[in-house]
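Engineer: Spelled out from the first residue to the last, the chains are:
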Amino acid sequence: AQSVTQLDSQVPVFEEAPVELRCNYSSSVSVYLFWYVQYPNQGLQLLLKYLSGSTLVKGINGFEAEFNKSQTSFHLRKPSVHISDTAEYFCAVRGYQKVTFGTGTKLQVIP
Amino acid sequence: DTAVSQTPKYLVTQMGNDKSIKCEQNLGHDTMYWYKQDSKKFLKIMFSYNNKELIINETVPNRFSPKSPDKAHLNLHINSLELGDSAVYFCASSQFTGVGQPQHFGDGTRLSIL
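So the sequences go chain by chain: W and E.
With positions in the first sequence counted from 1, the corresponding number in the numbering used here is that position plus 18.
With positions in the second sequence counted from 1, the corresponding number in the numbering used here is that position plus 10.
Be aware that a few hints might be false.
Said to hold, decoys possible - Calculated pairs, SDA-like style, for lysine to any residue (alpha carbon to alpha carbon, straight line, at most 20 Å):
1) E:Lys46 to W:Leu64
2) E:Lys50 to W:Gln60
3) W:Lys124 to E:Lys46
4) E:Lys29 to E:Lys46
5) W:Lys116 to E:Lys29
6) E:Lys54 to W:Ser45
7) E:Lys50 to W:Ser45
8) W:Lys116 to E:Asn67
9) W:Lys76 to E:Pro112
10) E:Lys46 to W:Pro58
11) E:Lys54 to W:Asn59
12) E:Lys51 to W:Gln63
13) W:Lys67 to E:Gln111
14) E:Lys54 to W:Tyr57
Hints in this document: simulated from the structure, not taken from any laboratory.
Build the full structure now, drawing on both the sequences and the hints.
Structural biologist: Written out as structure tokens, the structure is:
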């Protein structure tokens with residue numbers, strides 16, 4: 019069984035400030051971890067993924083995430099957010115056949 | 011070129027009706043999915059097909075029937091629509107081989123039941 023917990027349902031942050039969106043997972047097998055972004059009225063788009071190797075993963079739009087096996091976390095970070103980053107962010111874990119998504123974190127960038 | 015396309019984008023209908031949503035992907039993927047996203051943005055897998063074969067069926071009412079005529083298409087037919095079916099339905103695709111493959115999503119079909 020696998021599960022994903024996104025601890026914050028909403029994160030307001032001022033423009034140009036740094037942000038961290040938290041994600042914790044549990045799985046009984048090797049995991050593959052993803053962050054997706056959903057802009058209003060659109061589908062999900064892949065931001066970045068962790069499969070193996072370096073625990074710091076860089077994605078699109080200046081986002082990065084760090085895989086921490088001991089803390090079973092995969093937090094998403096950006097050093098300086100832009101208004102256009104306002105969206106819903108989903109953490110996901112993929113096992114053998116199935117992908118499980120977290121409940122999403124709404125990032126609201128304040129001008 | 012849209013990678014995963016769903017039609018229609020919006021669907022407004024009355025309780026008790028039957029409706030279908032179509033999905034096509036041109037990415038050459040062998041696995042396709044249907045997800046339901048509720049008003050709180052919670053995303054739940056409904057079905058998954060690999061090369062036209064059903065591999066995931068997540069306790070979905072049998073009013074929902076997926077059909078995959080070929081590996082590039084996965085349609086969703088819903089009978090006797092109920093108020094609780096109102097949601098956004100997303101189609102997605104990926105390569106099955108290699109579990110690290112990400113999913114590619116369509117833009118969703120917004121279903122509203124009156």
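Engineer: Now tell me, hint by hint, if it's right for this structure.
Structural biologist: Consistency of the hints with the structure:
1. Only pairs whose Cα atoms come within 20 Å are accepted, and E:Lys46 paired with W:Leu64 is accepted, the gap being roughly 18 Å.
2. Taken as a hint, the E:Lys50 and W:Gln60 pair is honoured in the structure, with Cα atoms around 15 Å apart against an allowance of 20 Å.
3. A distance of roughly 18 Å separates the Cα atoms of W:Lys124 and E:Lys46; the hinted pair therefore holds under the 20 Å criterion.
4. At roughly 15 Å between alpha-carbon atoms, E:Lys29 and E:Lys46 fall within 20 Å of each other, so this suggested pair holds.
5. The suggested pairing of W:Lys116 with E:Lys29 is violated, with an alpha-carbon distance near 27 Å, which exceeds 20 Å.
6. The straight-line distance between the Cα atoms of E:Lys54 and W:Ser45 is roughly 18 Å, inside the 20 Å bound, and the hint therefore holds.
7. The straight-line distance between the Cα atoms of E:Lys50 and W:Ser45 is roughly 24 Å, outside the 20 Å bound, and the hint therefore fails.
8. Straight-line distance between C-alpha atoms of W:Lys116 and E:Asn67 comes to about 11 Å, which keeps the hinted pair within the 20 Å bound.
9. Under the criterion of a C-alpha separation no larger than 20 Å, the hint pairing W:Lys76 with E:Pro112 is consistent with the structure, at around 15 Å.
10. For the suggested pair E:Lys46 and W:Pro58, the alpha carbons sit about 16 Å apart, so the restraint of at most 20 Å is met.
11. With a C-alpha separation of about 17 Å, the suggested pairing of E:Lys54 with W:Asn59 holds against the 20 Å cut-off.
12. Using a Cα cut-off of 20 Å, the hinted pair E:Lys51 and W:Gln63 holds, with the two alpha carbons roughly 15 Å apart.
13. Distance restraint check for W:Lys67 and E:Gln111: the Cα-Cα separation of roughly 9 Å lies within the 20 Å cut-off, and the hinted pair is therefore satisfied.
14. Between E:Lys54 and W:Tyr57 the CA atoms are separated by roughly 18 Å; this keeps the pair inside 20 Å, and the hint holds.
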